[in-house]
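Residue numbers (UniProt numbering), protein chains in the order written: chain A, 1 to 149; chain B, 1 to 149; chain C, 1 to 149; chain D, 1 to 149; chain E, 1 to 149; chain F, 1 to 149; chain G, 1 to 149; chain H, 1 to 149; chain I, 1 to 149; chain J, 1 to 149.
Please note: incorrect hints may appear among the correct ones.
Claimed, not checked - Listed below are the simulated DSS-like cross-link pairs for lysine-lysine, each with C-alpha atoms no more than 27 Å apart in a straight line:
no. : chain 1 : residue 1 : chain 2 : residue 2
1   : E       : K148      : D       : K147
2   : A       : K147      : C       : K147
3   : I       : K147      : H       : K148
4   : A       : K148      : C       : K147
5   : B       : K148      : J       : K147
6   : G       : K147      : F       : K147
7   : E       : K147      : D       : K148
8   : H       : K147      : I       : K147
9   : G       : K147      : F       : K148
10  : B       : K147      : J       : K148
11  : C       : K148      : A       : K147
12  : B       : K147      : J       : K147
13  : H       : K147      : I       : K148
14  : D       : K147      : E       : K147
15  : F       : K147      : G       : K148
No wet-lab data here; the hints were simulated from the structure. Quantities reported herein were computed from a predicted structural model and do not represent experimental measurements.
10 protein chains.
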Amino acid sequence: MLSRADATARLTEAKHEQGLDFVDLADAIDRDEVWTASLVFGDVSASETEARELCARLGIEDEAVVDALQREPYKGDEEATIPSDPMLYRLYEIPQVYGDAIKACVHEEFGDGIMSAIDFECHVDRIDHDDGDRVRITYEGKFLPYKKW
Amino acid sequence: MLSRADATARLTEAKHEQGLDFVDLADAIDRDEVWTASLVFGDVSASETEARELCARLGIEDEAVVDALQREPYKGDEEATIPSDPMLYRLYEIPQVYGDAIKACVHEEFGDGIMSAIDFECHVDRIDHDDGDRVRITYEGKFLPYKKW
Amino acid sequence: MLSRADATARLTEAKHEQGLDFVDLADAIDRDEVWTASLVFGDVSASETEARELCARLGIEDEAVVDALQREPYKGDEEATIPSDPMLYRLYEIPQVYGDAIKACVHEEFGDGIMSAIDFECHVDRIDHDDGDRVRITYEGKFLPYKKW
Amino acid sequence: MLSRADATARLTEAKHEQGLDFVDLADAIDRDEVWTASLVFGDVSASETEARELCARLGIEDEAVVDALQREPYKGDEEATIPSDPMLYRLYEIPQVYGDAIKACVHEEFGDGIMSAIDFECHVDRIDHDDGDRVRITYEGKFLPYKKW
Amino acid sequence: MLSRADATARLTEAKHEQGLDFVDLADAIDRDEVWTASLVFGDVSASETEARELCARLGIEDEAVVDALQREPYKGDEEATIPSDPMLYRLYEIPQVYGDAIKACVHEEFGDGIMSAIDFECHVDRIDHDDGDRVRITYEGKFLPYKKW
Amino acid sequence: MLSRADATARLTEAKHEQGLDFVDLADAIDRDEVWTASLVFGDVSASETEARELCARLGIEDEAVVDALQREPYKGDEEATIPSDPMLYRLYEIPQVYGDAIKACVHEEFGDGIMSAIDFECHVDRIDHDDGDRVRITYEGKFLPYKKW
Amino acid sequence: MLSRADATARLTEAKHEQGLDFVDLADAIDRDEVWTASLVFGDVSASETEARELCARLGIEDEAVVDALQREPYKGDEEATIPSDPMLYRLYEIPQVYGDAIKACVHEEFGDGIMSAIDFECHVDRIDHDDGDRVRITYEGKFLPYKKW
Amino acid sequence: MLSRADATARLTEAKHEQGLDFVDLADAIDRDEVWTASLVFGDVSASETEARELCARLGIEDEAVVDALQREPYKGDEEATIPSDPMLYRLYEIPQVYGDAIKACVHEEFGDGIMSAIDFECHVDRIDHDDGDRVRITYEGKFLPYKKW
Amino acid sequence: MLSRADATARLTEAKHEQGLDFVDLADAIDRDEVWTASLVFGDVSASETEARELCARLGIEDEAVVDALQREPYKGDEEATIPSDPMLYRLYEIPQVYGDAIKACVHEEFGDGIMSAIDFECHVDRIDHDDGDRVRITYEGKFLPYKKW
Amino acid sequence: MLSRADATARLTEAKHEQGLDFVDLADAIDRDEVWTASLVFGDVSASETEARELCARLGIEDEAVVDALQREPYKGDEEATIPSDPMLYRLYEIPQVYGDAIKACVHEEFGDGIMSAIDFECHVDRIDHDDGDRVRITYEGKFLPYKKW
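Please construct the entire structure, taking both the sequences and the accompanying hints into account.
The structure is reproduced here in structure tokens:
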């Protein structure tokens with residue numbers, strides 16, 4: 001049984017050797033590039049069809065990799081921490097500064113509840129701009145009102 | 001000199017008494033509701049015009065509040081931590097799960113650098129959906145390539 | 001505008017003076033005792049009717065309390081921590097010991113996803129037993145499968 | 001002497017190769033699936049009979065595995081932490097939000113004491129529901145009143 | 001409703017003014033001095049009789065104190081931490097050094113389970129010794145075997 | 001030079017193969033079982049005689065193990081932390097709840113100082129009891145008064 | 001009953017008003033300046049004579065201060081942390097860099113044990129030097145060998 | 001290029017095989033034993049002469065070790081933490097209890113500044129004493145006044 | 001005796017009322033603006049002349065403020081932490097990313113030692129630039145070689 | 001695909017064998033020594049030309065190293081922490097003491113915003129000085145004003 005970490009190493013190696021981007025892999029399985037990258041990194045799980053198509057695109061014939069891609073992963077780390085890598089850190093700095101405001105706006109619009117991070121999708125887009133192109137990261141999740149009982 | 005925390009208390013109190021939403025306040029100063037909420041909570045600073053218009057809309061005539069809104073705030077907390085409030089936590093759970101994928105997609109599209117959290121804007125929108133409306137949170141910041149020297 | 005913490009103090013004081021249990025308050029608003037206790041402690045929000053009925057049962061006539069009960073609360077603390085109170089600690093010790101097993105059983109039964117803690121309810125029951133009565137705490141939440149995109 | 005971690009690897013590998021679920025293993029040793037999964041993961045210890053039956057069901061003939069399953073395990077980690085995996089995190093988010101309410105309800109019903117996490121059992125069940133099936137996790141432990149002396 | 005912390009302050013003040021030791025208070029309520037000190041500090045709860053007798057011994061006539069002593073306390077702190085006070089620290093240094101050995105000896109003698117910290121008592125004694133008197137701290141708790149299910 | 005961790009592995013393996021308890025090993029070197037277990041786990045150091053007798057009882061003829069047992073160990077971990085294993089955790093929960101009371105009783109009896117954790121011994125005993133046998137853990141250390149200068 | 005923190009404030013205020021150094025106070029009670037400063041800051045306890053003489057030297061006539069100085073203090077903080085003040089930090093940086101070496105030299109000279117921090121004294125001295133005077137901080141504590149049992 | 005950790009292992013092994021103390025090694029290079037132990041543990045760097053003499057004394061002829069001893073080391077750990085080993089912990093407990101007093105005495109004697117931990121030396125000495133010998137640890141560093149600009 | 005925090009509040013209030021910048025205050029005492037701001041915030045100490053001139057410039061006639069400015073401050077916080085304010089965080093992000101490189105370059109240029117943070121000065125300058133002005137922060141401290149002994 | 005850590009090992013080894021400084025490597029690729037050291041340590045990424053020239057200077061002919069140098073690195077660690085190495089620590093001590101002053105001076109000069117740590121450069125210089133040479137570390141980054149929206 002191939003570990004999820006070893007499967008990631010195999011997939012990353014093949015992607016690198018073939019000079020493919022996550023966009024290419026996403027096309028092969030008809031998914032978004034962020035989700036596809038998450039699959040390669042072992043944070044989401046694939047259907048058997050997705051797993052086979054991804055391996056086919058990467059020229060991987062080992063059933064153990066196909067199998068590993070379908071297992072429910074352990075997501076994140078043993079302890080939730082804020083990383084120091086600057087690109088990653090910005091994703092944590094934003095809610096440090098604007099989190100209370102985002103929470104208040106969600107509550108005013110929707111009431112007491114949350115944006116789901118499970119029934120959720122996320123996109124990365126380039127926005128052309130004369131003063132320098134911009135990165136747009138979109139979080140979109142179902143609003144879940146707090147159930148009362 | 002009114003502290004920023006006291007100014008927030010005064011603004012929140014007035015907003016509550018008058019039954020206004022952040023959308024109403026945003027209209028009064030011609031800004032987005034997330035930015036406006038951040039201003040009320042003391043995480044961003046206003047121009048004098050914005051400060052006056054916000055106070056006017058809220059019926060606050062105290063110059064000390066107008067003044068406090070223009071000061072550069074201390075943003076966030078003395079130590080960066082991950083809060084347990086579920087709506088806020090989701091904003092940290094997303095990069096815990098999808099952060100590596102987002103970073104990889106940004107790098108493939110833009111090269112080595114980051115999305116700015118300063119030359120940055122953020123929006124909260126409602127997306128109507130038959131299976132339940134969805135919250136869309138958009139982060140958009142200028143791509144900053146790492147300078148070499 | 002009464003702070004949520006002050007409202008909790010008012011409600012707790014009245015409950016104590018009148019010798020009422022959370023079960024009594026739950027009956028008054030037709031909710032479960034756990035949810036009702038969460039409302040008193042400021043972790044969930046009430047409808048106007050619930051807020052009025054709760055205050056009526058407690059003999060509180062102050063509109064500020066009725067109002068505070070309806071506001072979306074900041075839940076939990078600024079940082080997620082494991083408390084040392086032994087009754088509370090047991091709720092964290094259980095997933096420390098059995099968490100991986102629970103996660104595996106949920107995945108085998110439902111696939112990749114989570115039990116919602118929002119579309120969720122929780123009950124505390126006494127189970128009579130000859131060797132000493134038992135506490136049953138039931139967590140029940142909607143299964144949310146991970147969305148793909 | 002086979003380490004407990006190596007025994008877990010052996011058991012998990014065999015379970016995967018034979019396509020068995022924890023429910024199947026639980027049937028083989030006449031235990032609940034959560035307890036059985038905990039045994040496989042090395043968080044509880046088995047009697048010799050249970051250890052032999054589990055190995056038999058998995059086709060493992062190595063006495064070292066039978067032996068390892070009977071040893072008292074080191075449960076949890078060297079430091080109690082809150083993990084970031086979303087399914088696991090929900091088990092900690094619930095007491096972050098509802099913990100004070102649960103504690104209060106236990107005390108009103110039983111007096112000063114705790115729900116044991118040792119004289120304890122835990123179940124995972126599927127609850128069919130038209131709006132989406134639900135996960136029910138039941139914690140049941142003996143009430144232990146604080147001894148005075 | 002007197003807070004538990006205020007009750008502790010009242011009790012400590014009275015004890016100090018009257019020059020009483022915890023041993024004196026323990027005699028008054030027919031309990032051990034450690035338990036009695038825990039009651040004064042707000043870590044355990046008393047019966048009505050115990051509460052009345054303790055207040056009587058201390059010359060406190062306020063019913064609010066009698067009442068506070070009977071409430072189930074929040075024990076310990078919001079986060080379990082290791083204090084730096086040297087007398088307290090030694091109680092944590094001992095399991096840092098000898099904890100694994102203690103755990104192993106308990107398991108060899110009793111099997112898989114724990115010493116209860118609830119069905120538990122604790123004593124502090126002076127042991128006369130020519131090379132300097134010794135402090136004996138005795139922890140005694142019911143052995144609780146792990147339940148299987 | 002055999003590392004202390006490797007020596008522990010060798011000793012534990014031999015103890016397991018020969019089906020010996022820590023009580024047996026303690027008899028062989030005429031020490032208490034808790035101290036003997038600490039020696040095996042590498043938290044205390046032995047005299048040459050003790051080291052030889054322990055190895056003899058376990059059938060270990062390797063001088064490197066005899067040597068390792070005599071070295072002053074690094075005790076505990078690089079950072080003092082509270083473990084999540086329930087048996088170990090109880091040893092920390094007790095001072096979380098009763099620590100202030102223990103400290104106060106020691107000070108009333110002995111004055112300002114501490115119980116030594118070095119000039120110290122510790123015992124684990126079984127106390128027979130009709131309602132279930134009890135674990136008694138005794139900490140006994142010399143009282144050290146704070147020196148003034 | 002004056003709190004220890006309030007006593008410290010009273011003592012510090014009087015010391016400042018009278019322009020006295022800790023050396024002056026140390027002379028008054030015939031103790032070292034470090035110990036005397038620790039007494040003022042509330043980290044050690046005085047005899048009645050010392051307490052009276054210290055108050056006399058400072059012109060404090062309040063018996064509550066005399067009393068507070070004799071109580072056993074809670075030393076240090078609720079959690080052991082490394083402070084960022086540079087003078088204090090150096091006291092922690094030294095064992096971060098040289099701690100393993102100090103430990104090894106103590107063990108080679110004395111065997112397995114520790115330098116007591118209780119049967120201990122500490123001095124601060126100025127060492128004149130042409131390249132700039134030097135601070136000498138001397139820690140001296142009784143060697144305590146680990147007891148075996 | 002031999003890593004500093006591997007060099008430490010080589011040096012420690014040789015020291016052990018030859019039955020040498022740090023005092024012996026210190027004599028060989030004409031340095032103090034604490035500094036010499038720090039060199040062996042990889043916390044300070046040697047001149048080429050010192051490196052050669054140390055290796056010569058230990059019978060090590062490998063140039064890679066000589067080379068490693070001269071490299072500027074990474075001192076301490078990736079994160080400053082307080083260790084639980086009792087001998088090491090005492091070095092941190094002392095400033096937890098007496099740190100404020102030490103800081104105050106340094107300031108009264110020298111003014112605003114620090115004791116350098118770089119232009120610094122440290123000694124371990126045995127002080128004979130009838131009631132048991134004592135460990136004296138001397139920290140001596142240049143006083144550095146805060147520069148103004 | 002005015003606390004340092006209260007003195008800061010007094011100074012900040014006066015500076016704000018009079019519309020003065022730190023540059024103006026720096027001119028008044030003939031110091032750099034960064035050092036002057038540190039003095040106002042209570043992180044450095046002034047000579048009597050500097051204290052008087054600063055108060056004179058701010059129109060403060062209270063001797064207690066003059067006095068407070070001359071006291072040796074407790075610098076930083078009780079625990080060294082990384083703040084979340086983005087401007088402050090950048091000062092920590094830089095050594096997170098470039099710290100190893102800076103350390104290596106210092107060592108190659110100067111040998112084993114450090115840049116002093118005490119015999120140190122720091123400047124903030126604006127660098128005009130066509131693509132947007134730049135902030136230059138200069139740290140300059142005496143090189144301190146590690147002393148051997 | 002060579003990991004970034006392995007590439008660093010290869011580069012460091014070659015640099016050491018050839019006796020080159022970072023200044024030499026910086027000359028070879030026409031970059032600053034700090035940036036070049038960051039490249040070797042894996043904290044920044046090179047263009048293909050830079051990667052080839054660096055490898056050429058070091059006599060490395062392996063394409064895998066050239067390739068690794070061009071990949072976007074994971075910068076810093078999984079969790080932002082303050083290291084205990086004294087040279088590195090000083091880079092954190094400075095903002096602990098002077099950070100608030102630096103922030104205030106930046107705001108007074110530039111308004112609400114930050115110094116970029118991305119559009120940024122850093123230099124290490126030796127400043128000759130009669131009282132001992134000084135290390136100058138210059139941080140220079142573009143001022144980024146907070147965007148409003």
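Hints, verified against the model:
Using a Cα cut-off of 27 Å, the hinted pair K148/E and K147/D holds, with the two alpha carbons roughly 25 Å apart. A threshold of 27 Å between alpha carbons decides the hint, and for K147/A with K147/C the separation of about 21 Å falls inside it, so the pair holds. At roughly 25 Å between alpha-carbon atoms, K147/I and K148/H fall within 27 Å of each other, so this suggested pair holds. For a cut-off of 27 Å, the pair hint linking K148/A to K147/C stands: about 25 Å separates their Cα positions.
With a CA separation close to 25 Å, the supplied pair K148/B and K147/J stays within the 27 Å bound. Distance hint between K147/G and K147/F is fulfilled; the C-alpha atoms sit about 21 Å from each other, no more than 27 Å. Pair hint K147/E plus K148/D holds up; C-alpha atoms about 25 Å apart against a cutoff of 27 Å. Simply put, K147/H and K147/I have alpha-carbon atoms about 21 Å apart, close enough for the 27 Å limit, and the pair holds.
Taking the CA atoms of K147/G and K148/F, the gap is about 25 Å. The hint holds against a cut of 27 Å. Taking the CA atoms of K147/B and K148/J, the gap is about 25 Å. The hint holds against a cut of 27 Å. The hinted pair formed by K148/C and K147/A meets the criterion: a straight-line CA distance of about 25 Å does not exceed 27 Å. About 21 Å separates the Cα atoms of K147/B and K147/J, which keeps this hinted pair within 27 Å; it holds.
This hinted pair checks out: K147/H and K148/I have alpha carbons roughly 25 Å apart, not beyond 27 Å. Only pairs whose Cα atoms come within 27 Å are accepted, and K147/D paired with K147/E is accepted, the gap being roughly 21 Å. Under the criterion of a C-alpha separation no larger than 27 Å, the hint pairing K147/F with K148/G is consistent with the structure, at around 25 Å.
In terms of the numbered hints stated before, the structure departs from none.
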